[in-house]
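Now for the letters of each chain:
Number of protein chains: 2
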Amino acid sequence: MTNTLYLPELREMLAENNAAELREFCQALHPARTAEFMEGLTAPEMWAVLQYAEPQLRVEIFNFLDREKQIKIVETMDRHEIAQLISDLPPDDRVDLLDEVKPEIVAELMPLLPVEERRDIQRLSSFPEQSAGAIMTTEFARLSENLTVRQAVEEIARQAESLETIYYLYVVDEEDHLRGLVSARQLVSAIGKPDTRIGEIMERDLVTVNLLDDQEAVAEKVAHYDLLAIPVVDDEWRLVGIITHDDVIDVMREEAVEDAYHSGAVYPLEKSYLETRLVTLTWKRGLWLTILFFGALVTIFTLNHHEGVIKTIPWLVFFLPLIVSTGGNSGNQSATLIITALSAGDVSLGDWWRVIRRELVMGVMLGGSLGAIGYLIALPLAPGYGDAIVIPITILLVVMCGTLAGSLLPLLFRRMGLDPALMSNPFVAGLIDVLGIIIYMNVAILLLDH
Amino acid sequence: MTNTLYLPELREMLAENNAAELREFCQALHPARTAEFMEGLTAPEMWAVLQYAEPQLRVEIFNFLDREKQIKIVETMDRHEIAQLISDLPPDDRVDLLDEVKPEIVAELMPLLPVEERRDIQRLSSFPEQSAGAIMTTEFARLSENLTVRQAVEEIARQAESLETIYYLYVVDEEDHLRGLVSARQLVSAIGKPDTRIGEIMERDLVTVNLLDDQEAVAEKVAHYDLLAIPVVDDEWRLVGIITHDDVIDVMREEAVEDAYHSGAVYPLEKSYLETRLVTLTWKRGLWLTILFFGALVTIFTLNHHEGVIKTIPWLVFFLPLIVSTGGNSGNQSATLIITALSAGDVSLGDWWRVIRRELVMGVMLGGSLGAIGYLIALPLAPGYGDAIVIPITILLVVMCGTLAGSLLPLLFRRMGLDPALMSNPFVAGLIDVLGIIIYMNVAILLLDH
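Chains as they are written, first to last, in the numbering used here: chain D, 18 to 467; chain R, 18 to 467.
Treat the hints with care, since some could be wrong.
Pairs count within a copy or across copies, as identical chains cannot be separated in the list.
[Stated by the list, open to error] Under the rule of at most 30 angstroms between Cα atoms (straight-line distance), these lysine-lysine pairs were calculated in the DSS-like manner:
#1 K86 to K288
#2 K86 to K238
#3 K86 to K210
#4 K238 to K288
#5 K89 to K238
#6 K288 to K210
These are computed hints drawn from the structure, not numbers from a lab.
Being a predicted model, the structure only gives us computed values, none of them experimental.
Start from the sequences and build out the full structure, keeping to the hints where you can.
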């Protein structure tokens, strides 16, 4: 997917030291597009091009480069220049980046950073992964509530250059306690009354998150309240950072991918599919696959236990895969519905009885119809229509068992404080495989008492 | 999840017509929280409370109410008052709302709306569902490039009250062709040079979407370029609307839920789980369940065809569920990995050969290890260690078949222009069930030539 359109021109400009054109190249396009056009260059070439961009723009373009290339640049280019770049990066991005750079190089870079930024990096890296503290940025627009609208506009104009977002202006007291919020829109609307105090126009009922809140909860709040950014406070209600909408979008994508992996029983990858080493990938799959395999071993012992039934009524075997897969599929559907409803907040633990009733009714309707089809198929294969009745009864019971287990297990997991998504498709299906065989064999024994 | 904390107080205020306190209630909190506290009220009570909010705030609170309650209010309250509310709603939200209101009531409301808004509603509803045109809003801040910074600030201060977002200011010519963009941040930074023309500070390289682009592609672009809003243009590059970050977040959640339903073989629901009627729910599940059931019928005929093998070597039956579920699980893992990688853009069609090689290697490693465990389990159950060898060889082949089919089918679907997510877990597993049994029976025939 590398864009090679401009590569020859870029290399020529570099060879000729054509400062005017290189500066123009850095400035003319959206930084994300500039980064795309540079993708085919080597790390030293990229760094050479970036020298022609103003520091602010250099940081923006750098931020859109591939992570691998960013790491390469940080690890191989001049330490002093890189320290400057790192101190210009937004605080949240630079912590994420340094996290992936070789520790010995980070150790060389840290002493070259201004002491304030060094402390900021150490503090941000100390928060648990996936917490609000770990994804927040510490640069935001602050105001005092005693400022007038005119003073606030001047103050923001002064801060604007260096800040990631100025769309929410946070009002804090001398000890950084969060007092209120003024949106840029409110401030601009109030320009006609320049002597109004900020304290008079600010909103006081704020939606905030705590430093240790989980990133998924943060994303939920931002989505629910339609926010551009959410303030992060500590236990004393001091404003310590903000999380902006673009980071929230990243969190949502990350969580969606994690959920997809869960539903496929793959342990989440850290890099992309093609970049992950085969050994790592095999290990991340093998772990779950082996657990599921050991679970499925129970089916062997169950069938072995009922060897007599299988030997006396061999036609039952023909329906074995159909019965376990139908039970597994109906269980998957229920699990998917309930996991999705739980995470959207449409269903809560208190609804368990309604959920059971609904799933039972659906189990009867679905199992009944599929059982009827199964009966028609069984008729020519079974010795008589009395014997064939084992199939529809088993299908009905297995589908009901699937809908019940598929819906109750996620609720149970939520009740125990675990992520309901863990009880995802392959695990539900594995469980129904075993239950399905037990039901099948027992229905056969009861009805065909040979 | 209804918040009943304030209900008695609210009802008392309404009974007493306590205007001062009701006005205070509407203003004091974030509109989303005000809406939460009103949740337990009836539609007429809600509407009575909303009368105490300024029109702008009324719209904001209304927008955070449950969709059911919104519809109830629109359908039952005074037509003229509702027409006013609707004309105050953001254009994209009002189209979504009217879409769910009874057509006869919409027909009564439409003539009460100003002609301009009536046209806007008709135009927006004409775009295909899930297109950029269908989710955009037609209210945004416009500027002419000949304005000075001072004039622009005054102009925006004038427009700010009525607009959803003023953080990006779009520069258009007399025929609404999109010429550039100035962010509120750039404008505020330029306040020191009030006579600069907008044309000099605006960005000209813009990221846009077309009216007919799919909402998923829109969300991708906004996420990739870290935008607050994206302009929507028609084929003549005329600016017709914008899509804001909060709508993009909604699209991402919608798509994530749709993907989850796919992976569980449920036809996407329109309402929440508990609100969907049981008949609808059964139908949306039954459709896929029946398709999968008919697919699984093939396993019956395959086993029936090999009746001889099963009767001669009855211990083979014990391993049947284990073999098909292991094949299905490894196929699911591959499908999940490839579908996720395709949608993240980490893998493209051109990578098919690399994908096959990787999946084959993983198939050999995973199938080999699980096969070894299977061999140990088979030893005491099979008549001899020569016979037991059927199990590891089958597991190896079935797992390889699972990884290959699981990875190639999504690629094939993408190649045919279909959504790779359709080839999701239950379908891959169903296919591997059939292939697994065929492999198993043939390995047994070849090795145990009785």
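Honestly, which of those hints from before does the structure not fit? Hints 3, 6 not satisfied by this model.
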